[in-house]
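Participant: Chain by chain, the residues:
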Amino acid sequence: MRILTALSLALGGLVLGQQAQAAEDFLAGIPRNQVLIAENPEGTVTDPSNFNLWVPKPNGTSTGLQQLCMDTLWYIDPDQGLNGKVWDNSLAADKPQYNKDFNEMTVKLRPGIMWSDGVEFTADDVVYTVQTLMADPGGFNDGARMAANVDTVSAPDKDTVVFKLKKPNSRFHAAFTVRWSATWIMPKHVFEKQEKPSKYNFNPPVCLGSYKLKSFDPNGAWFIWQRRDDWQKTTLARFGEPGPNYVAYIDPGPPDKRVILQQNHQLDIIHDTSPEGAFALIKSSPTSHGWFKGFPYAHPDPTLPMVVLNDQLEKFKNPDVRWALALLIDMKAVDMASYRGAATISAIDVPPTGTYPHYYFEPMEQWLKDFTIDTGKRTIHPYDPNMGKEIADMLRPSMGAAIPKDPQAIAAAFGRGWWKQDPQAAAELLEKAGLKEIGGKWMLPDGTPFTITISTEGDNRPVMTRAGSIIAQQWTQAGIDSKIDALPTAMWSNMFNGQNEATMAWTVETWGGHPDLSFFLDSWHSQFLSDPGKFQPPRNWQRWKDPELDKIIEQIRAIDFDDPKGIELGQDFVKLAVKNMPNIPLMSYNVFTIMDSTYWTGYPSAETDPYTDPVPNWGNTKYMMVKLKPAGAQ
Amino acid sequence: MLRILKDLFRYNREFSLGAILILLVVAISLASFLSPYPSGMQYVVPFDAPPSWDHPFGTNSRGQDVFWQLTFAIRNSLLFGTAVALLSRLIAIVVGLTSGYVGGMVDSVLMSINDTFVVFPPFPILVLVYFIFKDHMSWALLAVAMACLGWAYDARLIRSMALSLRTREFTTQSLFSGMSTGQILAEEHLPYVLPIVFATTMNNINWSIGLEVTLSVIGFTNIDTPTIGTMIYWANQHTALVAGVWWWIAFPVGLVIITFVGLYLLSVSMNEYIDPRSRLSGMGGAA
Amino acid sequence: MAAYALYVLRRSGQFVLVVFVGINIAFFVTHATPIDPITAAIAAATRFSQADPQAVQLTREALRELYGLQGNLWQQYVVFWMRVARADFGPSLSAFPTPVSTLIWRALPWTFGLLSVATLISWGLGNLLGGLAGYYRRNVPLKLVGVVASGLQPIPNYVMAFIVLVLFGYVWPILPITGSSQINLPQGWTLAYFQSVFQHALLPVLSLVLVGTGAWFIGMRALVSNIVTEDYVAYAELGGVDRWRILISYVMRNALLTQVTGLALSLGLIFNGAVITEVVFGYPGLGNLLIRAVYAGDYSLVIGIASTSIIAVAFAALVIDLVLPLLDPRVRVA
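Protein chains in written order, with numbering that gives the first Met the number 0: chain A, 0 to 633; chain B, 0 to 286; chain C, 0 to 333.
Careful, some of the hints might be misleading.
[As the list claims (entries may be wrong)] Across the chosen pairs, the derived CB separations fall in these ranges: (1) A:Pro448 to B:Ala139: 20 to 30 Å; (2) C:Glu229 to B:Leu16: 25 to 35 Å; (3) A:Gly631 to C:Gln186: 41 to 51 Å.
Don't read these hints as lab results, they were simulated from the structure. Glycine is no exception: its CB is placed at the ideal position from the N, C-alpha and C atoms.
I would like the entire structure built from these sequences, with the hints used as guidance.
Facilitator: Here you go:
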């Protein structure tokens, strides 16, 4: 009998639930049209009550904390920036001033900025931050970096900070320049009271940004931020009043659930979902749209997914072998398999996004067309400049009007050219490298079969697993037995530790808006290269070493960040990489950030106003808040 | 033997229905040998075509024919489930009966081992097994690992039955009539525990396929081997349900349900057959 | 009575042994993994931002010291047991320096609630219907129930959870599909909070019950149909004892004994289903925590969760074993 009672209770609850769900809003106590709900791609945060984001931890930073609460000296936009300005002086009043030896950096600060607890922000906060980080290089993420670079830091007056560097570094300001993230400024008056700042949980956080913490889930599934009453005392106020009174960052669950939630208008910004899910959502929900109005909808992040080959392994040491592997790839099939056609392809080692088409892709197109390789038997032109257009043509019958027709628009959305699949040339290159084909299988010069395991990050990046899976199939069909190994994130260490053969990952990430390549390239210098099988710090995971590469990097180090010669050197790097093929670049990291305009309008978009990257875990998305306006007058 | 089957078929509707379902499933898995496409190949047919004459179960977003994929998947899943079940049943029966009947020190020692296995949460252990073996994680290894984790619960169940059986009169009689421990266990006790063994076999196949699905869904198995689990894994990677490609999930799930209903019906009817009295009443009911 | 006391003593000793062996295995299996939590932490910290290679090397050394991973396996083992003796699993590596026990205590009530409610419902329902189906073997509705229950039972928890989610969150969106309570609702002893928790638990519980009932149903049905053929039942039937009384007192009571044992022992298995169900519904329990710990390579957290579940299940089995002889006099304690 008790069971029947329980059953009827459950059924009663179901009905009750129906009424309650219809009557209540998604968030308790906050009208839906006052809150922007965005996905936090970290999912559920393991220890939500710890807001100290200066310490190493796998999650708890893109909960709105770095986007809305933090601030630092400068921001570089991955797209075109508010009012078309890529560079923004945020807490700083001006660009960094280096002396001519690049061993001293002076920063002027913006006056009149307040912490959310009413204390004024001054140069002392910056000095305190740097000194605190330096003092505990293990406890803080950026501690070791500060300790390695900074000799002394001082504040001659309350609006000026002077960094004396241990050695010349023309890119030291990058540490305080947000591209996704950077070193954030700590409130001195809060942290100085702590015995051990790296153990302090910083709860509630004291913010420099225009928002402050309202509430958070003790289980880590959501964080809600409230616009500060004194938002005019924050750096964002230069651009106007932030639209949403509240911003919630939530864990919506797996990709399908994100789609369901947005269809129910309970999630304004999806961080990422599968291409198929995004297409279905845009088709079924008229208020949902992506960065591009039509195909590929997704936002191309200034990140370049690629096949990272471990160049220190005997089998990948020869550039001819690496080139052969590239020529065995059918890029159209990879595009279809991974992104369902919604990739923005790149043949070179910079992402085809932000301002990079202008700085790199357009000027280098002719060089790529003229580029030849010697297969040992003949000379071929491997570049196919029409690949992007062909992909667009291939998709047009099924996607119709969503596919642009204008060549410029096609290049922006689908990319330009890639390497033409050429099994014949690949076979010639392999033979040139001393490999032999026996019974349809390639044998390495030492007589063992040529096999490749491609590691992919299974749980986290389905699109990359899909790309790896089709590339493995293409290589296998050509006689190189390949398989994928989908690893959970924690197993990713094999790439760092040199155990990997090939990995679907990226070693190239750029500012996006600014042409300087030092963001990733500096770490490719051979001074940082580890021995085979030893831990390799970011980001030269292809473990490529070339004296010419070192020369380019050293030249970049010697010039100013904004020196136009940087672009020339960047192009030299691209050419060197094309010749050596240290990794096989594929496409930009296209993020299916889908925005719902039911409650908010003014999201950035490729066609109308590409003022910033809408991908919600980027620190740069704070600029989005001032552009967002309530939809209609509900 | 044939006559028994014929009897069962004639008088027991559950058996005949179950047999038909299982034959169907086995036929589908055998069809994998006729597949026009190798199991691992992608982009051999158009994407996302709904079920049609050319592709009776449709095609998926990886350019594979769902029907032919399913033939490989159900074959591998069935083999996997059966292997795990057989291995773990063997351990469970031996441990359970011995422990329950012999008692004393033997019981204590066996049950200590048993309880250690029972309390292991299998999921984290299997994930860790995968972590250790990673590249070398094969189908057989996973089956053995699961069998090692999957017997203890049923051994406990069998032991508790054996405990009761030991105190029954017929056990004492058998003992007085000079039967050895092995004989008593095999001839007197085994028939009593067989129904529960059959029931648990079904549970165990279910458990192992379910666990395989769980591990696969999170990508902790070799996702290149088609199984029911890896089919769902790939469907999820393409968010098949919200993308409207329902046939990619519906057919594997439907087939696995048919498999289990079939096995269940077989087990129920066999239970009845093992026990002569209920067989008579069953035949009476059918006549 | 003395015999029973001895039994309790022996059984408790066994419990200690089980927990000891179990936690040991968890420790060594976990430490045999090739996962390097330090690399995992660095990978997470340097994922999107700029990283200075020199600084990363320094951080690495510092982390090794900080995480207490220096020393050989034996030294780590000794430290581990000294901590466990104080019910402390050390700091979590992925949420450093928060103690593992804090994280577990935060998640445990949710898993306990979800598991116990879902298990009690499916156990009760499965046994009731299974018992009836075993006794009234020719009853058509009960046969249908059998087909449905055993048809649902093989559906993997993941798929069932997802189907339920799609049905009630998408096709007919009446119930919340994520989290444990409404966003921005303060935790507390308020009616609104409880109502919200109840609502959010409905779908996870429903999917666990739909899958979980079948096994009990099948087991009970098999047991009862076995017992029904026993002589004492036949005598009772011939003697004209009321059929309900036969079912309840003669048949079900005996079969339930096995099913009670089964209940205690299957908690470890049900935990499995709960893990994936929690993941699908974003439920903040141990399962979700475990998956995150595994992804993050946080093996102190993995050991903590594994040990906690080992202790909990072993304790449940102990309680059942101690109570069982009191219920069924035929099971002698000697």
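Participant: Any hints this thing doesn't respect? Which numbers, in order?
Facilitator: 3
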